[in-house]
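Residue numbers (my numbering), protein chains in the order written: chain A, 1 to 114; chain B, 115 to 230.
Check before you lean on any hint, since a few could be wrong.
Just the calculated beta-carbon pair ranges, DEER-fashion [said to hold, decoys possible]: (1) Asn172/B x Gln82/A: 44 to 54 Å; (2) Val128/B x Lys41/A: 46 to 56 Å; (3) Ala121/B x Ser59/A: 25 to 35 Å; (4) Val128/B x Lys9/A: 24 to 34 Å.
Straight-line alpha carbon distances no greater than 25 Å define the calculated DSS-like cross-link-like pairs of lysine-lysine that follow [to be verified]: (5) Lys36/A x Lys152/B; (6) Lys19/A x Lys152/B; (7) Lys38/A x Lys217/B; (8) Lys19/A x Lys36/A; (9) Lys229/B x Lys40/A; (10) Lys130/B x Lys53/A; (11) Lys38/A x Lys152/B; (12) Lys117/B x Lys36/A; (13) Lys117/B x Lys217/B; (14) Lys184/B x Lys152/B; (15) Lys229/B x Lys41/A; (16) Lys9/A x Lys152/B; (17) Lys117/B x Lys40/A; (18) Lys229/B x Lys130/B.
Okay, the calculated bits of chain A under chain B, using three or more residues with CB under 8 Å as the criterion [unchecked claim]: (19) 34 to 44; (20) 63 to 74; (21) 86 to 97.
Calculated directly from the structure, the hints in this document are not laboratory data.
A quick note: this is a predicted structure, and the numbers were derived from the prediction, not measured.
Ideal Cβ placement from N, Cα and C applies to all residues, glycine included.
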Amino acid sequence: DTEVTQTPKHLVMGMTNKKSLKCEQHMGHRAMYWYKQKAKKPPELMFVYSYEKLSINESVPSRFSPECPNSSLLNLHLHALQPEDSALYLCASSQDLTGIETQYFGPGTRLLVL
Amino acid sequence: AQKVTQAQTEISVVEKEDVTLDCVYETRDTTYYLFWYKQPPSGELVFLIRRNSFDEQNEISGRYSWNFQKSTSSFNFTITASQVVDSAVYFCALSVPYNQGGKLIFGQGTELSVKP
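Pulled out of the complex, with its shape left as it was, chain A reads as follows (with noise of 0.2 Å):
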């Protein structure tokens, strides 16, 4: 089972609000990923957990804040956020991180900031 789950689907917040995104993965992957993505772009790299401790921060604004409660988890914390910050945040998991081990992603939420 490849599979990668997020919640919300959708989410619109105010630039005021706290949000937080949801991943779970049960593959026993020991290695998470937030990326972003634009419209027609590809995903950016945001933050990569590595057994539970964060491991790669791509200088990502601290109005995002991640969290790995455990080897299953991954929680992405949004406060203040700017209209620009609208884009599809996907969710990854690898075996490790070898840095060669196929991401399997999760469908991703679709974040609208007003």
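Let chain A serve as the given structure and place chain B on it in line with the hints.
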């Protein structure tokens, strides 16, 4: 530095036509991996294939086939007898071992439209 180029931004074909999506990559690493992903309008990136730099054997999976040529740094993807359900954005991607930078480097994507 690593780079992936998908020169075809958009391709439009009629159902049952064959179509080839081009992918050219750049890396100085001797060990690397190449991937193709499909992204239908629903948004999910669907993994199609993973190929390592030491395996130049071409691969066929149903209507899909991949041609890996190290001499030209290309990893092209052909869909035979295309169908409307093949309409999607296709991404070619390159990754190198984590101790050499890790990360999945995506091309800009090719949007394939298959018309009935």
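Here is how each hint holds up against the structure:
1. Asn172/B x Gln82/A: 44 to 54 Å: holds (46 Å)
2. Val128/B x Lys41/A: 46 to 56 Å: violated (28 Å)
3. Ala121/B x Ser59/A: 25 to 35 Å: holds (29 Å)
4. Val128/B x Lys9/A: 24 to 34 Å: holds (32 Å)
5. Lys36/A x Lys152/B: At roughly 17 Å apart (the allowed maximum being 25 Å), Lys152/B and Lys36/A satisfy the hint.
6. Lys19/A x Lys152/B: At roughly 29 Å apart (the allowed maximum being 25 Å), Lys152/B and Lys19/A break the hint.
7. Lys38/A x Lys217/B: Holds, because 19 Å separates the two Cα atoms, which is no more than 25 Å.
8. Lys19/A x Lys36/A: holds (16 Å)
9. Lys229/B x Lys40/A: holds (20 Å)
10. Lys130/B x Lys53/A: Measuring from Cα to Cα gives roughly 48 Å; hence the hint is violated.
11. Lys38/A x Lys152/B: OK: Lys38/A and Lys152/B at ~16 Å, within 25 Å.
12. Lys117/B x Lys36/A: holds (19 Å)
13. Lys117/B x Lys217/B: With Cα atoms ~12 Å apart, Lys117/B and Lys217/B stay inside 25 Å; holds.
14. Lys184/B x Lys152/B: Status holds; Cα separation ~23 Å.
15. Lys229/B x Lys41/A: Answer holds: Lys229/B to Lys41/A is near 23 Å, not above 25 Å.
16. Lys9/A x Lys152/B: holds (19 Å)
17. Lys117/B x Lys40/A: holds (18 Å)
18. Lys229/B x Lys130/B: Cα-Cα ~9 Å, so holds.
19. 34 to 44: holds (count 4)
20. 63 to 74: This one is violated; 0 residues, fewer than the three required, reach chain B with a Cβ under 8 Å.
21. 86 to 97: That given contact holds, which follows from 4 residues of the region 86 to 97 of chain A lying within Cβ reach (below 8 Å) of chain B.
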